[in-house]
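Heads up: the sequence shown begins at 5 in the working numbering, then just goes up one per residue.
Hints are supplied without guarantee of correctness; some may be wrong.
Derived pair list, reagent style DSSO-like, types lysine-lysine, alpha-carbon separation capped at 30 Å [as the list claims (entries may be wrong)]:
| # | residue 1 | residue 2 |
| --- | --- | --- |
| 1 | K296 | K233 |
| 2 | K202 | K189 |
| 3 | K517 | K102 |
| 4 | K583 | K530 |
| 5 | K276 | K236 |
| 6 | K236 | K124 |
| 7 | K296 | K236 |
| 8 | K102 | K23 |
| 9 | K118 | K102 |
| 10 | K454 | K510 |
| 11 | K233 | K290 |
| 12 | K38 | K118 |
| 13 | K290 | K202 |
| 14 | K517 | K23 |
| 15 | K38 | K23 |
| 16 | K583 | K510 |
| 17 | K221 | K236 |
| 18 | K202 | K272 |
| 19 | K349 | K233 |
| 20 | K23 | K118 |
| 21 | K517 | K625 |
| 22 | K272 | K296 |
| 23 | K118 | K88 |
| 24 | K221 | K233 |
| 25 | K517 | K438 |
| 26 | K583 | K23 |
| 27 | K306 | K349 |
| 28 | K276 | K124 |
| 29 | K530 | K517 |
| 30 | K233 | K272 |
To be clear, the hints were calculated from the coordinates, so they are not data collected in a lab.
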Amino acid sequence: MVDNDNNPVQSALLIEQLKSYQHNLESVDITVSKGRHQGIIHVRDGEVLSAHIGILHGNGAILSIVQIQGAEINSVPTQSAVQKTVFITIDQIDRFLKTQRTTSHPAEDLDEEKLLEEAKSLFFRFHYKEAVDRLVAILRHNRFFYPAWLWQSRILTRQDYISRAIDEAYRWGNHDQDVWREARKMRPQLTTSDTQVKRCIFCWSILQAGSSCSHCKASFSISAMQPSKDLKQDEIRFALTCFDQAQRSDPRNSRTAFALALGHFNLKEHHKALGYLESAVQLSPKIPLYSKSLSLLRSIIKAEELRQQPVVSTPAVQTMPAELPVDSSTNPTILMVEDSMTSRKVLSMLLKRHNYTLLEAASGAEAIKAAASSRPCLVLLDVMLPDTNGHDLLAELRNFEHLREVPVIMLTGRHDVRDRLKGIQGGAQEYITKPFNPQKLTELVQSYVKSATEKQTVTQKKSTPPSPPISQKKTKTAATAVNRWATSPVKAPAPEAAKAPSEPPKAPPPGSKSIFIIEDSRTSRKVLAMLLSRNGYHLYEASSGQEALTLAPSIQPDLVLLDVMLPDMTGYTILPQLKQLPHFANLPFIMLTGNKKATDRLKGMLAGSNEYLTKPFDPQKLLSVISNYL
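Construct the complete structure from the given sequences, taking the supplied hints into account.
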């Protein structure tokens with residue numbers, strides 16, 4: 005059925021219409037159209053599940069659709085299944101829309117997608133100011149157009165501005181894969197400072213000291229050194245596609261030509277690089293960098309052509325038998341992947357004292373061979389290997405069915421927190437830096453081996469149902485293995501945490517909003533309670549994760565304030581568990597922490613938090629953030 009009234013309506017009427025569908029638990033598809041703007045909203049059982057308009061999906065799409073003035077609206081009842089991409093409520097949509105009206109300057113007929121393409125073209129021609137002008141014009145018209153925030157985050161050079169742009173892109177583009185990838189990549193690199201930084205021209209990462217990018221591994225100079233084995237070719241090729249389009253629109257731009265030359269040189273496509281470099285020199289003959297790079301590249305190509313015979317490499321020394329039978333002994337088997345003979349000897353001596361059977365591999369190829377013919381209960385994996393790196397090898401090992409759940413401990417001499425996060429994200433349970441403490445490593449290995457062997461025993465017997473969630477009696481490292489995001493062992497629950505509330509929680513007064521505070525610090529709880537109660541909020545409180553999980557089924561809060569560090573678990577661990585409760589699934593979560601590391605902020609976002617505030621927090625800022633959601 006189509007609505008009879010198809011006259012132009014204001015956005016406020018659409019909000020009321022959505023509220024009506026919510027009240028009546030209706031399932032409809034709503035089309036909203038005006039000129040080139042054609043949007044659709046999917047409502048199922050009264051809940052706005054998804055929306056899209058143009059290139060927008062999710063939160064940004066629903067907010068952009070609702071603010072279209074004078075649109076024509078049609079609704080059709082339907083029960084067809086749709087994927088959930090909208091994670092804000094109708095009341096939040098209404099509030100965000102009112103904020104947009106007061107902070108933006110809408111134009112009658114602005115083509116955001118056309119302006120975005122112009123900005124991207126200018127960006128890849130190194131006309132950054134003009135590109136920013138177009139992105140700002142888009143955001144003044146519609147702050148929910150998250151691709152503009154995404155591309156603005158790639159242009160900006162001040163860390164706090166970059167961080168804010170990524171926050172906005174993530175908030176409105178919550179279901180966009182490009183936004184997710186950018187947030188996961190950039191968050192570990194950023195701080196909250198106002199320092200200026202340099203950006204990679206291929207992946208837009210923050211550049212550290214040196215002549216290459218620490219993320220995509222691209223080099224920014226022509227040299228005789230071989231490109232990195234860890235080069236992220238897909239990211240380089242995506243950037244080259246954009247640079248190529250920009251060069252077609254502006255063939256006189258020598259900087260774009262030089263960027264194309266560098267990109268193809270990194271990909272070992274030397275003759276393509278030569279063509280672009282010759283073009284750069286022809287366009288800007290007075291730039292010494294171009295002419296010197298051209299001379300060096302010609303020498304490199306000539307040296308390659310003079311090689312008459314391919315280099316014959318000698319077979320690698322095998323540090324393990326040619327064929328590894330599946331271990332049938334009663335001793336637990338550990339696969340040790342380490343290229344340093346000295347480190348292998350030390351680890352072997354250390355672990356054999358505890359009656360472990362060891363399989364040794366000095367390279368990624370040897371590790372794959374060993375993994376295919378054995379069933380280790382734990383893997384010790386070095387990050388730096390002669391033929392690959394531990395992060396890539398870990399992904400290959402996880403492709404083996406029998407290794408998908410096997411705990412992996414990564415060993416490295418690198419202390420950078422980004423490497424640690426990369427390892428944990430890749431599926432490692434622990435990340436140990438060298439030189440390691442022998443006793444600590446042994447205890448860690450024993451804990452994981454015990455957990456893994458117990459699991460294998462249960463699997464082999466097939467006589468018991470799946471194991472329940474990890475209890476207080478299990479080891480803290482086993483708990484860590486369950487939560488990939490936990491970078492430190494989860495503490496055992498405090499005895500008092502398991503106690504159920506002595507009396508049922510009081511319901512909030514009619515018309516008031518309630519907030520669930522999960523905070524172990526009594527002082528912090530008092531401060532929050534005083535601040536929020538003065539502003540009319542009803543409060544529920546819990547001082548531990550277990551207490552929160554016990555209380556949650558019996559309360560109906562409108563928002564959750566969640567401390568990251570609790571006595572029995574982390575906020576990253578409890579958040580997904582709370583989200584599994586139906587009445588908590590769509591609640592806004594604000595995480596509170598004293599840790600200002602960008603990696604922790606990323607973990608909070610990926611765990612499902614809407615905001616991430618560091619202590620000591622500004623009371624007015626906290627109230628402002630809360631008011632955005634309530």
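Results of checking the hints against the structure:
Between K296 and K233, the direct Cα distance comes to roughly 25 Å. Compliance with the 30 Å bound is thereby established for this hinted pair. The straight-line distance between the Cα atoms of K202 and K189 is roughly 16 Å, inside the 30 Å bound, and the hint therefore holds. Between the alpha carbons of K517 and K102 the distance comes to roughly 19 Å, so the proposed pair stays at or under 30 Å and holds. Of the pairs offered as hints, the one joining K583 and K530 holds, with about 26 Å between alpha carbons and a cut-off of 30 Å not exceeded.
As the CA atoms of K276 and K236 are separated by approximately 19 Å, the hinted pair is consistent with the 30 Å bound. Among the hinted pairs, K236 with K124 is consistent with the structure: their alpha-carbon atoms are about 22 Å apart, no more than 30 Å. Note on K296 and K236: the hinted pairing holds, with a Cα-Cα distance of about 26 Å set against a maximum of 30 Å. This hinted pair checks out: K102 and K23 have alpha carbons roughly 16 Å apart, not beyond 30 Å.
Among the hinted pairs, K118 with K102 is consistent with the structure: their alpha-carbon atoms are about 26 Å apart, no more than 30 Å. Between K454 and K510, the direct Cα distance comes to roughly 45 Å. Violation of the 30 Å bound is thereby established for this hinted pair. Using a Cα cut-off of 30 Å, the hinted pair K233 and K290 is violated, with the two alpha carbons roughly 34 Å apart. The straight-line distance between the Cα atoms of K38 and K118 is roughly 17 Å, inside the 30 Å bound, and the hint therefore holds.
Our distance criterion of 30 Å between C-alpha atoms is met by K290 and K202, whose separation comes to about 24 Å. A distance of roughly 18 Å separates the Cα atoms of K517 and K23; the hinted pair therefore holds under the 30 Å criterion. Using a Cα cut-off of 30 Å, the hinted pair K38 and K23 holds, with the two alpha carbons roughly 22 Å apart. Taken as a hint, the K583 and K510 pair is honoured in the structure, with Cα atoms around 22 Å apart against an allowance of 30 Å.
Pair hint K221 plus K236 holds up; C-alpha atoms about 7 Å apart against a cutoff of 30 Å. With a CA separation close to 25 Å, the supplied pair K202 and K272 stays within the 30 Å bound. In summary, the hint linking K349 to K233 is supported, as the alpha carbons are separated by about 27 Å, within the 30 Å threshold. At roughly 33 Å between alpha-carbon atoms, K23 and K118 are farther apart than 30 Å, so this suggested pair is violated.
The straight-line distance between the Cα atoms of K517 and K625 is roughly 18 Å, inside the 30 Å bound, and the hint therefore holds. Distance hint between K272 and K296 is fulfilled; the C-alpha atoms sit about 19 Å from each other, no more than 30 Å. This hinted pair checks out: K118 and K88 have alpha carbons roughly 28 Å apart, not beyond 30 Å. For the given pair, K221 sits about 9 Å from K233 by alpha-carbon distance, which is consistent with the 30 Å threshold.
Distance hint between K517 and K438 is unfulfilled; the C-alpha atoms sit about 51 Å from each other, more than 30 Å. Proximity of K583 to K23 is assessed by CA-CA distance (about 24 Å); at most 30 Å being required, the pair is judged to hold. The straight-line distance between the Cα atoms of K306 and K349 is roughly 45 Å, outside the 30 Å bound, and the hint therefore fails. Using a Cα cut-off of 30 Å, the hinted pair K276 and K124 holds, with the two alpha carbons roughly 24 Å apart.
Restraint check: the Cα-Cα separation between K530 and K517 comes to about 19 Å, which is no more than 30 Å; the hinted pair holds. A hinted pair counts as satisfied when its Cα atoms are at most 30 Å apart, and K233 with K272 qualifies at roughly 11 Å.
Of the numbered hints listed earlier, those contradicted by the structure are 10, 11, 20, 25, 27.
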